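Q: Sequence:
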Amino acid sequence: MPFFPTGTEADEHFTADELTHMNRRYDNEIDDIEPVNEDEGQTEETRSEGIAFLADQIREDMEASTEEEKAFLEYLVVNDGDDSAWFDDFRDAGYRFYGNGSVFKQGSAEYAIISEDDIEDAFKTYIREYVDECVLPGKDDTAQRYFNYEAFQHDVECESGYGSMSSYDGNYEEFTVNDVTYYIFRLN
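By my numbering, the letter at position 177 of the sequence shown is numbered 325, and the numbering carries on one by one without gaps.
There's no promise every hint is true.
[Claimed, not checked] Calculated lysine-lysine pairs in the DSBU-like style (CA-CA distance at most 35 Å, straight line):
1. K272 <-> K253
2. K253 <-> K218
3. K272 <-> K287
4. K272 <-> K218
[What the hints assert, rightly or not] Using C-beta positions, here's what the derived DEER-type ranges look like:
5. L284 <-> E305: 12 to 22 Å
6. S315 <-> R239: 11 to 21 Å
7. R293 <-> N319: 29 to 39 Å
8. G318 <-> F295: 17 to 27 Å
9. D265 <-> S315: 16 to 26 Å
10. A241 <-> D289: 33 to 43 Å
11. T290 <-> D317: 35 to 45 Å
These aren't lab readings, by the way, just hints derived from the structure by calculation.
Treat the numbers as computed from the prediction; the structure is a model and nothing was measured.
All C-beta atoms, glycine included, are put in the ideal place defined by N, C-alpha and C.
Work out the full structure: start from the sequences and follow the hints.
A: Dropping the structure here:
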């Protein structure tokens with residue numbers, strides 16, 4: 149159950165998107181400012197100030213969030229419902245997916261998300277790394293010099309789409325948010 153559903157006093161401070169974001173990521177901070185406890189010197193006015201302060205923090209955090217992070221969180225909600233367990237341990241993994249996409253952790257699982265504008269460059273990087281690390285070592289100089297990366301990339305893409313980039317199960321999902329298609333890969 150959300151801490152501040154729409155139709156409450158929270159509507160004064162938050163948009164619907166901010167309420168959703170707040171309910172997912174700021175439950176501890178909300179606990180700190182509710183309910184009014186007059187024994188501790190809290191009044192409706194100080195509680196309202198606390199909510200307004202939290203609203204500013206949430207807006208700053210949402211502005212700092214990448215579009216990929218927002219899209220991935222939306223993907224989780226759509227595919228797994230508003231299960232707060234997903235958001236308890238959600239964090240940035242701290243590295244990029246083949247130079248372009250973002251990687252997020254939920255528990256020990258890692259997921260990559262990349263936009264349709266960046267998938268081709270990431271796929272090209274993936275193919276180059278795969279060939280350089282797995283296909284060409286041990287081959288003679290002629291084979292290495294004349295290897296056709298573009299033809300190999302085309303063949304892999306025709307065979308499995310972008311699924312080969314998923315080190316977990318070879319699959320990926322397409323998810324569209326605000327008219328932008330994202331590709332989501334489970335990595336482990």
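Q: Determine for every hint whether it applies to the structure shown.
A: Hint check:
no. : hint                      : verdict
1   : K272 <-> K253             : 24 Å, holds
2   : K253 <-> K218             : 14 Å, holds
3   : K272 <-> K287             : 21 Å, holds
4   : K272 <-> K218             : 25 Å, holds
5   : L284 <-> E305: 12 to 22 Å : 19 Å, holds
6   : S315 <-> R239: 11 to 21 Å : 19 Å, holds
7   : R293 <-> N319: 29 to 39 Å : 34 Å, holds
8   : G318 <-> F295: 17 to 27 Å : 23 Å, holds
9   : D265 <-> S315: 16 to 26 Å : 23 Å, holds
10  : A241 <-> D289: 33 to 43 Å : 38 Å, holds
11  : T290 <-> D317: 35 to 45 Å : 36 Å, holds
Hint check: no violations occur; every hint is consistent with the structure.
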